[in-house]
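Number of protein chains: 2
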Amino acid sequence: MVTGVNIRGTTKLIGIIGDPIVQAKSPAAVNPLFAARGADIVSVPLHVPAKDLSTIWAGLKAMPNLVGFGITLPHKQTAISLCDSLDPVAARVGAVNFVRRERDGTFRGYQFDGKGFVRGLQSRGIVIEGRPALIIGAGGASVAIAFALVEAGAKSITVSNRTFDKADALAETVNADFGRKVAKAGKAKPEAGQLVVNATSLGLQDTDALPLDPDLLQPGMTFAEVIAQPETTRLLALAAKKGVATHSGMHMITGQADLTVDHICELWA
Amino acid sequence: MVTGVNIRGTTKLIGIIGDPIVQAKSPAAVNPLFAARGADIVSVPLHVPAKDLSTIWAGLKAMPNLVGFGITLPHKQTAISLCDSLDPVAARVGAVNFVRRERDGTFRGYQFDGKGFVRGLQSRGIVIEGRPALIIGAGGASVAIAFALVEAGAKSITVSNRTFDKADALAETVNADFGRKVAKAGKAKPEAGQLVVNATSLGLQDTDALPLDPDLLQPGMTFAEVIAQPETTRLLALAAKKGVATHSGMHMITGQADLTVDHICELWA
Numbered sequence: 006m007v008t009g010v011n012i013r014g015t016t017k018l019i020g021i022i023g024d025p026i027v028q029a030k031s032p033a034a035v036n037p038l039f040a041a042r043g044a045d046i047v048s049v050p051l052h053v054p055a056k057d058l059s060t061i062w063a064g065l066k067a068m069p070n071l072v073g074f075g076i077t078l079p080h081k082q083t084a085i086s087l088c089d090s091l092d093p094v095a096a097r098v099g100a101v102n103f104v105r106r107e108r109d110g111t112f113r114g115y116q117f118d119g120k121g122f123v124r125g126l127q128s129r130g131i132v133i134e135g136r137p138a139l140i141i142g143a144g145g146a147s148v149a150i151a152f153a154l155v156e157a158g159a160k161s162i163t164v165s166n167r168t169f170d171k172a173d174a175l176a177e178t179v180n181a182d183f184g185r186k187v188a189k190a191g192k193a194k195p196e197a198g199q200l201v202v203n204a205t206s207l208g209l210q211d212t213d214a215l216p217l218d219p220d221l222l223q224p225g226m227t228f229a230e231v232i233a234q235p236e237t238t239r240l241l242a243l244a245a246k247k248g249v250a251t252h253s254g255m256h257m258i259t260g261q262a263d264l265t266v267d268h269i270c271e272l273w274a
Numbered sequence: 006m007v008t009g010v011n012i013r014g015t016t017k018l019i020g021i022i023g024d025p026i027v028q029a030k031s032p033a034a035v036n037p038l039f040a041a042r043g044a045d046i047v048s049v050p051l052h053v054p055a056k057d058l059s060t061i062w063a064g065l066k067a068m069p070n071l072v073g074f075g076i077t078l079p080h081k082q083t084a085i086s087l088c089d090s091l092d093p094v095a096a097r098v099g100a101v102n103f104v105r106r107e108r109d110g111t112f113r114g115y116q117f118d119g120k121g122f123v124r125g126l127q128s129r130g131i132v133i134e135g136r137p138a139l140i141i142g143a144g145g146a147s148v149a150i151a152f153a154l155v156e157a158g159a160k161s162i163t164v165s166n167r168t169f170d171k172a173d174a175l176a177e178t179v180n181a182d183f184g185r186k187v188a189k190a191g192k193a194k195p196e197a198g199q200l201v202v203n204a205t206s207l208g209l210q211d212t213d214a215l216p217l218d219p220d221l222l223q224p225g226m227t228f229a230e231v232i233a234q235p236e237t238t239r240l241l242a243l244a245a246k247k248g249v250a251t252h253s254g255m256h257m258i259t260g261q262a263d264l265t266v267d268h269i270c271e272l273w274a
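Chains as they are written, first to last, in this note's numbering: chain L, 6 to 274; chain Y, 6 to 274.
Do not rely on the hints blindly, as some may be mistaken.
Which copy is meant is left open, because identical chains are indistinguishable; a pair holds if it fits in one copy or across any two.
[Claimed, not checked] Quick list of in silico lysine to any residue cross-link-like pairs, SDA-like style, CA-CA up to 25 Å: (1) K81 <-> T15; (2) K160 <-> A41; (3) K81 <-> G14; (4) K66 <-> P25; (5) K192 <-> F112; (6) K56 <-> T15; (7) K189 <-> R136; (8) K66 <-> E156; (9) K30 <-> P54; (10) K160 <-> K192; (11) K247 <-> G144; (12) K30 <-> N11; (13) K56 <-> P137; (14) K171 <-> G99; (15) K81 <-> A67; (16) K194 <-> H268; (17) K81 <-> R13; (18) K192 <-> T77; (19) K66 <-> F112; (20) K192 <-> K247; (21) K56 <-> D109; (22) K56 <-> G14.
Read the hints as simulated data drawn from the structure, not as lab findings.
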């Protein structure tokens, strides 16, 4: 992973836009993947202040060798209105975290949080198909993950949230979209064999309240985090100590990197 | 020179803008130089169609981690009016081939053709100071090189051109600028010990007419090309065969790469 990239006149670019941008991990994550495939494509950080998004967007759009870009804070929602088209998942979630230049030159917005999370689980051999899942939280990450887990064959989804109505709304959206009653709102009480996902921000700080009572986690369940930093949250450590299978939020990052590279190489490698 | 670069969120960018851009050599030339200095800066190709220059320029200007860019065809002249300020050499030549983001965020235009040519001669130990020079051609490259050679201490400059008036105008501009009669228009007849520069495009093709009668070149002179591709022009090969010291246009490219890296690192490394 320390191999650098060689940049030539023929090299195509993808960016990652955000403000600040110094914390962006995606160039270091995806460049070795492009190199391993022999793709003449490189990812670079683009510092994009919020007030300048539309000016910079127009500039990026006009450069044919800029074939896509990831989107981080504070642009994930505002980018929606700038995209020429939206992938259905991005429209559902109301946020875009990747834009690809399509064959016709237009910019299409995508949302890879959910698919990246699923890709991460799959990369670690964690079973999704036929399995019930409990998602803690009902924000943007929960929406993306709920849809992606159902698409990947999860048996059922329970959404637990401090505000019950928000969890209920998420479940109803999923049910409406898939045309069957696969999701419901419920309590943060894991059941035997469940895939349990913390999709809240609780755990970013060691002093945060736990999103879930750790005594309820038992062997046979899998406890997965969306939080990648710290790589091991307090609850993840407690779960592992109890013999529960655990899955760090880091795998969602690498899953998204894989997806990004697939998605760009499909058109531009 | 095959070592690649590692790109992180903290990495600053320079570009090279042009249309087409696939032929651009500068990313491959400057990236190893940045890496050798431990500078977290990387050069990438930016494909900029002529009609989109001002849109893309505005986008580049708004991205604080984009700290400069080289300029190639067809933007060298049109970029003049977009720069916030111009280096005197760029103003004289009427063309910009590098733009740097200054400390205050403005974009200043520079012209490194002449200084890059001089840097290339110096890197090969070729004496300029106190030496008479003959420049064949009176276009943009000739203007830049004439000024740079006088600045580097050349004793005199003779400019030879098919259209005498254009050579005369160049010489008069140089004389006016330096406040002394250092340049004159003249014939393409090299004199003993002279530094002879082909600054025309004759030699890009093997079938081109020679810019100079090769029988006039003698040992003790140096014959230098501006043409970098082919690395050895027909006249350069003929000169070498006669025992004349020769200097490929390649060294102007590497000279400009050195200058670019110096110039960017001075503010941004």
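Hints versus structure:
no., hint, result
1, K81 <-> T15, "between (30 Å within a copy, 20 Å between copies)"
2, K160 <-> A41, "neither (36 Å within a copy, 55 Å between copies)"
3, K81 <-> G14, "between (30 Å within a copy, 18 Å between copies)"
4, K66 <-> P25, "both (21 Å within a copy, 17 Å between copies)"
5, K192 <-> F112, "neither (40 Å within a copy, 57 Å between copies)"
6, K56 <-> T15, "between (32 Å within a copy, 21 Å between copies)"
7, K189 <-> R136, "within (15 Å within a copy, 87 Å between copies)"
8, K66 <-> E156, "neither (32 Å within a copy, 42 Å between copies)"
9, K30 <-> P54, "within (18 Å within a copy, 31 Å between copies)"
10, K160 <-> K192, "within (18 Å within a copy, 88 Å between copies)"
11, K247 <-> G144, "neither (28 Å within a copy, 78 Å between copies)"
12, K30 <-> N11, "both (19 Å within a copy, 12 Å between copies)"
13, K56 <-> P137, "neither (43 Å within a copy, 55 Å between copies)"
14, K171 <-> G99, "within (15 Å within a copy, 63 Å between copies)"
15, K81 <-> A67, "both (21 Å within a copy, 19 Å between copies)"
16, K194 <-> H268, "neither (37 Å within a copy, 61 Å between copies)"
17, K81 <-> R13, "between (31 Å within a copy, 21 Å between copies)"
18, K192 <-> T77, "neither (31 Å within a copy, 63 Å between copies)"
19, K66 <-> F112, "both (7 Å within a copy, 21 Å between copies)"
20, K192 <-> K247, "within (21 Å within a copy, 91 Å between copies)"
21, K56 <-> D109, "between (28 Å within a copy, 18 Å between copies)"
22, K56 <-> G14, "between (31 Å within a copy, 20 Å between copies)"
Hint violations for this structure: numbers 2, 5, 8, 11, 13, 16 and 18, all remaining hints satisfied.
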